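J.: Here's the letter readout for the chains.
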Amino acid sequence: MDLKLTLAISTGKIISFLNKLSGSGATAAPGLYALKIDPDLVKKLSSNNNLKSIVVSGTNGKTTTSRLIFEIIKSKQKIIHNRAGSNLLRGVASTLINNSSILGKVNADIAIWEADEAALLPISKDIKIDTLVLLNLFRDQLDRYGEIDTTRKKWIEVVTNLPKTSMLILNSDDPSTNYLAKFTKAKKIFFGVEADKINLPQIENVADVKYCINCSAKLIYQTLYSAHLGKYSCPNCDFGRTTPKIKATNLTFNHNFSTAATITFNDHQLTTDYNLPGLYNVYNVLAATSVATTYKVEDDQIKKAVNSFSAVFGRFQKATLNGCQITTFLIKNPAGANEVIRTIAIRPNLNILAILNDNIADGRDVSWIWDTNWEAFKGAQINVSGTRAHDLALRLKYAGIETKNVDVDIKSALATSTNSKSLIILPTYTAMLELQNYQGGGESKWHKQ
Amino acid sequence: MAQTMKLTICHLYSDLMDTYGDRGNIIAIQKRCEWRGINVNIKQISIGDPLSTLHFDFDLFFFGGGQDQAQGIVGSDLKKKAAPLKKAVENGAVMLSICGGYQLLQNYFITKDSKKIPGIGIFNAHTEASESRFMNNLQVELNPMLEKQVQSAYQSNNLTMYQPNLIGFENHSGKTYLEKGTEPLGKVIRGNGNNGEDKTEGAIYKNAFGCYLHGSLLPKNPLFADFLITKALEKKYGSVRLELLDDTLEWQAHNRAIKTS
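Line by line, the protein sequences give chains A and B. With the working numbering, letter number 208 in the first sequence gets 208, and the count goes up by one each step, no holes. With the working numbering, letter number 71 in the second sequence gets 71, and the count goes up by one each step, no holes.
So here's chain A without its partners, still in its complex pose:
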């Protein structure tokens, strides 16, 4: 018996139990303290139980993609998933502890791990990766993650260490993820969008990759879908977009925020019609479908799971408050926010509450709002809130949009803004957590780290 491991698991379980009693949602705490007792806890539990892992990382779409994968493959496998927890190593540890016996027996075949992009490297060292999904890489909370070059370097190390039996699933439309292919011995699947034009408002967007990652020549884009995602090639070296094996065509974005798309792989063709908005979710669906194909899930099951998928907490969440229908879209970085904005802007009579906080989990630096194209909201009614409400009001002023109400207090801003039939809320991370307290959301303590 491994005494250290048993002590760590027991301690984790006790903290987890106390958390439940007190209603605390600090899901990272059991893992955090257990890792202090046995830093190898994740490594031991993974290898002792021969646990296969599907790991999902990327700047945007991790949570939705992980949940989609879970829904698609759950009928085939016994799965554990850090769905309600932190996506750092401690969150992985917490999930393992909660699903383990005191002696370290984990009752599952597969683990789905959503991994923070900076935490992917340490997590990858402690688990056996069966499948790694890398969605995209955008500038995000530069005060937390540093530059995207730094994150890409960490990812190169991760894919270099993948064994050749594992599967690496990459977004071929993002040069940053596509570029990783050459560093790995693993098997590879590429996914991407095949379209000449995206049927959403064009908005000016910041691109994090404009020059070849290989040779620094300016990349040529045949089609640009969003930020730096599209069909690109380098005029100077052989770097360019890999033709995706799993692709989406015939994209239709509806006013009610549902989407229709045809997903093609090998000689299979799935016509999907699902309840998630925007181009960014097309990528999430493609990534999840890619995983499904490696687990030999039948087409009908993939289609059923995608079409019946309901939103993930805060990402596209619907609620009703004071008779007002609320739809919430988390915004946290320019690429994600720009996609959300162009998705919403197709709707008429917009009533919006945008909330900008500058807590550590949001990023203390709010300058990203200047890389975001609020100009697309011209004509909309907008209120702003959050610790940096005035910065956002100022951004809107310089976008030619007058803010109706500037209120640092989120609760009272919400009360003012729900005085209408419908409302779209765009909160940053901690603002989203706070909102759950006023909307009666069930998972208000998600991802507390």
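Quick caveat, the hints were computed from the structure, so don't treat them as lab data. Honestly, I wouldn't trust all of these hints.
Unchecked claim - Pairs of lysine-lysine, DSS-like flavour, derived with a Cα cap of 30 Å:
id, chain 1, residue 1, chain 2, residue 2
1, A, LYS210, B, LYS81
2, B, LYS148, A, LYS397
3, B, LYS259, A, LYS411
4, A, LYS303, A, LYS231
5, A, LYS378, B, LYS79
6, B, LYS43, A, LYS231
7, A, LYS154, B, LYS6
8, A, LYS153, B, LYS86
9, A, LYS218, B, LYS80
10, A, LYS218, B, LYS43
11, B, LYS79, A, LYS153
12, A, LYS397, B, LYS259
13, B, LYS6, A, LYS378
Please read these numbers as outputs of a predicted model, since none were measured by experiment.
Mind docking chain B on chain A? Use the hints.
T.: Same frame as chain A, but now just chain B:
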């Protein structure tokens, strides 16, 4: 009828040095001019653009911050454009440079592996890479040399809210040291500034200014935005008094940023 004034801006390497929301500075200058009926023309000049593009008579240059890879690509192209840029500054053109842009305009940069990369030497200063990174709100009291000019250029309905300081967000691992005779843009009140040691932030040479203030800087520091616009116009039009604007929201954002830091 008074002559319509025109301001011609050169946005240097806008496609590469665009990481930290510095685009907001261009938006701020553009809007604050448009609101006053001043015509604005913005030209973007980047990698491979011929030198002749810089012979154009620009009133104001803006050079923002970028990521390391971008800064490397820009650095080698900038060498080819050094002469016309230096000449423009010598002739009194206004230049605002931030973070990576500011570093590239100094004498040299020493990388982590002790390589010395020459800059174009507009500012008599240099930067050394360091292991730590300064990521904080940064509040700066304007250099008294500059403060009077800034105050007299700044025209707003809200002079009661006026404060002679700048607020922004710094995010840099390079430490900048001013060399002999170089005046800082200001004194650090909160944050680290040039190097976290000597309380200086930024640099001034003629009408060229360098600093580490992202945020974006100019929208919530309208005093500095109007000062730069005035300086740039005065080069062409002699003494300029800008029309009044209502900057209540600008100062609220300014004060809120100070309060939460």
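J.: Mind checking the alpha carbons of A:LYS303 and A:LYS231 for me, to see if they're no more than 30 Å apart?
T.: The hint holds at about 27 Å.
J.: Run the distance test for B:LYS148 versus A:LYS397: straight-line Cα separation, threshold 30 Å.
T.: Within the cut-off at roughly 28 Å; holds.
J.: Is the straight-line distance between the alpha-carbon of A:LYS210 and that of B:LYS81 30 Å or less?
T.: With a Cα-Cα distance of about 21 Å, the restraint between A:LYS210 and B:LYS81 holds, given a limit of 30 Å.
J.: Regarding the pair A:LYS218 and B:LYS43, is the alpha-carbon distance no greater than 30 Å?
T.: The hint holds at about 19 Å.
J.: When you check the alpha-carbon spacing of A:LYS397 and B:LYS259, does it fall within 30 Å?
T.: The hint holds at about 21 Å.
J.: Below or equal to 30 Å on CA atoms is what counts here, so check A:LYS218 against B:LYS80.
T.: holds (18 Å)
J.: Is the Cα-Cα distance between A:LYS154 and B:LYS6 30 Å or less?
T.: At roughly 48 Å apart (the allowed maximum being 30 Å), B:LYS6 and A:LYS154 break the hint.
J.: Is the Cα-Cα distance between A:LYS153 and B:LYS86 30 Å or less?
T.: violated (36 Å)
J.: Does A:LYS231 sit within 30 Å of B:LYS43, going by the straight-line distance between their CA atoms?
T.: Holds, because 27 Å separates the two Cα atoms, which is no more than 30 Å.
J.: Taking only the CA atoms, is the gap from B:LYS259 to A:LYS411 under or equal to 30 Å?
T.: OK: B:LYS259 and A:LYS411 at ~21 Å, within 30 Å.
J.: Take a quick look at whether B:LYS79 and A:LYS153 sit within 30 Å of each other, Cα to Cα.
T.: holds (28 Å)
J.: Does A:LYS378 sit within 30 Å of B:LYS6, going by the straight-line distance between their CA atoms?
T.: holds (27 Å)
Violated hints for the displayed structure, listed by number in ascending order: 5, 7, 8.
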